[in-house]
Every structure is written in structure tokens, then in C-alpha cells.
Amino acid sequence: GAASSVAGGLEFRACPQEPSPSLLGALLQVAEGLEFKPALPAPKLPAAKPTGLQGLLASLDGKKKMSTMEKSRHDWGNFKSKQDEATRDEMDRFAKDGYLAKQAFLARTDERQAEVARSNRRRGMGLKD
Numbered sequence: 177g178a179a180s181s182v183a184g185g186l187e188f189r190a191c192p193q194e195p196s197p198s199l200l201g202a203l204l205q206v207a208e209g210l211e212f213k214p215a216l217p218a219p220k221l222p223a224a225k226p227t228g229l230q231g232l233l234a235s236l237d238g239k240k241k242m243s244t245m246e247k248s249r250h251d252w253g254n255f256k257s258k259q260d261e262a263t264r265d266e267m268d269r270f271a272k273d274g275y276l277a278k279q280a281f282l283a284r285t286d287e288r289q290a291e292v293a294r295s296n297r298r299r300g301m302g303l304k305d
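Each residue of the sequence shown is one higher than the last, beginning at 177 in this note's numbering.
It should be emphasised that the hints constitute simulated quantities derived from the structure, not laboratory data. Be aware that a few hints might be false.
[Claimed, not checked] Have a look at the derived ranges for each label pair, beta carbon to beta carbon:
#, residue 1, residue 2, range
1, Ala224, Gln279, 53 to 63 Å
2, Met245, Gly300, 47 to 57 Å
3, Met267, Val292, 28 to 38 Å
4, Ala224, Thr244, 53 to 63 Å
5, Gln259, Met301, 52 to 62 Å
Where is the CB? At the ideal position from N, CA and C, for every residue including glycine.
Sequences are here, hints too, so could you generate the full structure?
Shown next as C-alpha cells:
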């Protein structure tokens, strides 16, 4: 008979016969109908950025990036240009008066605090205002 070997309690036999052509044909037909897809998509690597002289040239040719302050200034200018004349005048008035009014308020507050502190010191010494 056929040659056999035993490994780990299992018996393996060599089959002297070759598979029948009809079996091979059936297996090939099944294999042709199968569609094989990769288990994982191909990895996408980031595009290599040019370095050296080419990197310098690419940075010169590309668009200049705006800083946050420049973008804010640009956006605020666009917003103001879309407003009607009365609204723009009102915004300008508040922008100018707002700063000066705030500075005056802070000066008055500092003066008042200094007066209160002076009054408390004098009271502590037994003096009247």
C-alpha cells in the first residue's frame, strides 16, 4: 500500500494517485469565480514635503499665510463694510468714546480709592478729615 507516518497521534498517508482531471477542473472553475480583496487598504503616506532649495522655492510660490491678527483685522473690515452708514458711524463713535470713557472711569476709581485709604489712615490716627 501507501506509505504512512505517525506524528502526534495522527496518521498521514501518501496517496499515490493523482487527483482526477474532473476534480481539478471543478476546483479551477470555483477559483476563477472568486474575487480576492486585500484584508487592509493600502497605507496612505503623507506627501513628502520638498526640502532644501526646492522647499524654499515652493514656499515662495505658495500663498502667504495670514496670521490670526491679520485675519481678524481682515474679517472685521469685511463685516464693517457690509453694515449701513448709520451703523458704521455708531460703531466708530463707541470705539472712540469707549476708550476715553473707560480711562476716565479708571482715573476716577483710583482717585476715590486713594481718598478712602487716606480717610481710613487719618481715622486710625484719631484725626478728622
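Here is how each hint holds up against the structure:
1. Our hint of 53 to 63 Å for alanine 224 and glutamine 279 holds, since their Cβ atoms are close to 55 Å apart.
2. Taken as a hint, the range 47 to 57 Å holds for the pair methionine 245 and glycine 300, whose Cβ atoms sit roughly 50 Å apart.
3. With their beta carbons about 37 Å apart, methionine 267 and valine 292 fall inside the hinted range of 28 to 38 Å.
4. For alanine 224 and threonine 244, the hinted distance range of 53 to 63 Å is not satisfied, since their beta carbons lie about 29 Å from each other.
5. Glutamine 259 and methionine 301 have their C-beta atoms about 58 Å apart, which keeps the hinted 52 to 62 Å range intact.
In the structure shown, a violation is registered for the earlier hint numbered 4 alone.
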